[in-house]
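First to last, the sequence lines map onto chains A and B.
Letter by letter, the first sequence follows residues 1 to 203 in our numbering.
Letter by letter, the second sequence follows residues 204 to 406 in our numbering.
Heads up, a few of these hints could be off.
What the hints assert, rightly or not - Heads up, incomplete: computed chain A residues facing chain B, CB under 10 Å, no partners named:
| hint | residue |
| --- | --- |
| 1 | Y45 |
| 2 | S49 |
| 3 | L55 |
| 4 | N59 |
| 5 | H61 |
| 6 | E115 |
| 7 | F177 |
| 8 | G181 |
By construction, these hints were calculated from the structure, which means they are not laboratory data.
Source: prediction; values computed, not measured.
Just so it is clear, CB atoms sit at the ideal spot from N, CA and C, and this is done for glycine as well.
Protein chains: 2
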Amino acid sequence: MGRKSDAGDRILEAGAKLFGQRSYAAIGVAEISAEAGVPKGSFYYFYPSKLDLALAVVNRHWERQRAEWLRILTAPDSLPDRLRALFISTREVQRQAVDGTGRVVGCLFGNLALEVSAQDDPVRARLQEIFEEQIDIVEDAIRAAGEAGPGSVTAPREAAKAIVAQIEGMVLFAKLFNDPGQLDQLWQNSMRLLGLENGRSAA
Amino acid sequence: MGRKSDAGDRILEAGAKLFGQRSYAAIGVAEISAEAGVPKGSFYYFYPSKLDLALAVVNRHWERQRAEWLRILTAPDSLPDRLRALFISTREVQRQAVDGTGRVVGCLFGNLALEVSAQDDPVRARLQEIFEEQIDIVEDAIRAAGEAGPGSVTAPREAAKAIVAQIEGMVLFAKLFNDPGQLDQLWQNSMRLLGLENGRSAA
Numbered sequence: 001m002g003r004k005s006d007a008g009d010r011i012l013e014a015g016a017k018l019f020g021q022r023s024y025a026a027i028g029v030a031e032i033s034a035e036a037g038v039p040k041g042s043f044y045y046f047y048p049s050k051l052d053l054a055l056a057v058v059n060r061h062w063e064r065q066r067a068e069w070l071r072i073l074t075a076p077d078s079l080p081d082r083l084r085a086l087f088i089s090t091r092e093v094q095r096q097a098v099d100g101t102g103r104v105v106g107c108l109f110g111n112l113a114l115e116v117s118a119q120d121d122p123v124r125a126r127l128q129e130i131f132e133e134q135i136d137i138v139e140d141a142i143r144a145a146g147e148a149g150p151g152s153v154t155a156p157r158e159a160a161k162a163i164v165a166q167i168e169g170m171v172l173f174a175k176l177f178n179d180p181g182q183l184d185q186l187w188q189n190s191m192r193l194l195g196l197e198n199g200r201s202a203a
Numbered sequence: 204m205g206r207k208s209d210a211g212d213r214i215l216e217a218g219a220k221l222f223g224q225r226s227y228a229a230i231g232v233a234e235i236s237a238e239a240g241v242p243k244g245s246f247y248y249f250y251p252s253k254l255d256l257a258l259a260v261v262n263r264h265w266e267r268q269r270a271e272w273l274r275i276l277t278a279p280d281s282l283p284d285r286l287r288a289l290f291i292s293t294r295e296v297q298r299q300a301v302d303g304t305g306r307v308v309g310c311l312f313g314n315l316a317l318e319v320s321a322q323d324d325p326v327r328a329r330l331q332e333i334f335e336e337q338i339d340i341v342e343d344a345i346r347a348a349g350e351a352g353p354g355s356v357t358a359p360r361e362a363a364k365a366i367v368a369q370i371e372g373m374v375l376f377a378k379l380f381n382d383p384g385q386l387d388q389l390w391q392n393s394m395r396l397l398g399l400e401n402g403r404s405a406a
């Protein structure tokens, strides 16, 4: 049981690593199994298909990222400070990837979203839910800040969506140019999107 | 000569269509040739490899899009009006794709960028140049508007980059949700990024 469970974890880790590096279509079960150090037959013991593994990888990635986003965005700091912390965390993830692998890995959800959007499949549906949840978390932070003081934003949902879109666009640039520094502009841009241009406290 | 040139065009059209629909890695020379209605051997008469075709597809797409962006962004209208025209044009491209194929195709450059960024290849280098050119064109429009009147933007390069990133992020949502309406927010967000929140004229 212990060994089997280890193998399942290794397959999940291998999938997360490979899907972060290359296109989903380019990666096969044989390569994932080799990376995990398990026989190909073991793969199918844990996952009926590559698609099921992709779903598991996406779900675990969101479970961790969601906890981090909630921790940062519900902290007792001003909204600008909370957003700044979120963007520093985002940049750090990419900087660590560069230190470890030489590459900005980008956003797993964005990478997969562009690839699977042509099909109606469970990964696409799950990614839709995850982006909605990301926007929800940012929206809640904006609303809470507005309730706590001046500087309320007139359209929190739209502002939250604009911020998440800005993250995705800037992470795309960071990946294309292999440069986490592309993310340094996120905070100032988000302040503008919120109408808080000088980063004055809103909570 | 006429026939051969037709075949080359058909291969280019087939590549543009297929790369817009699915992942680059998932599409082979055999499928592109079949879509173009030419023997596989003909493919290699025109393109040494799939990569060379991808470069040709990217270059032709940018040649057309660049002409459209320049036409719109150098028009004798106010900066807000020019940006509005750019976003209406962007949304129309996606809406026409939905009418024709049932699918938002997204941004060819963004789709490929996320897929090829893990490799150092000529497509990646070309996409870096194209995104820089897109930012250049928007920056020029912002600067020209500032010179022509009040409402000058303090950091035109950063603002231009924020706008192009916002387009990429929103096009990702449009593709994931298969909904061109996701792009309706682009104009208002860009006004905020430029500090022109009420869309007041800046040129």
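How the hints compare with the structure:
{"no.": "1", "hint": "Y45", "result": "26 Å, violated"}
{"no.": "2", "hint": "S49", "result": "16 Å, violated"}
{"no.": "3", "hint": "L55", "result": "15 Å, violated"}
{"no.": "4", "hint": "N59", "result": "17 Å, violated"}
{"no.": "5", "hint": "H61", "result": "16 Å, violated"}
{"no.": "6", "hint": "E115", "result": "5 Å, holds"}
{"no.": "7", "hint": "F177", "result": "6 Å, holds"}
{"no.": "8", "hint": "G181", "result": "12 Å, violated"}
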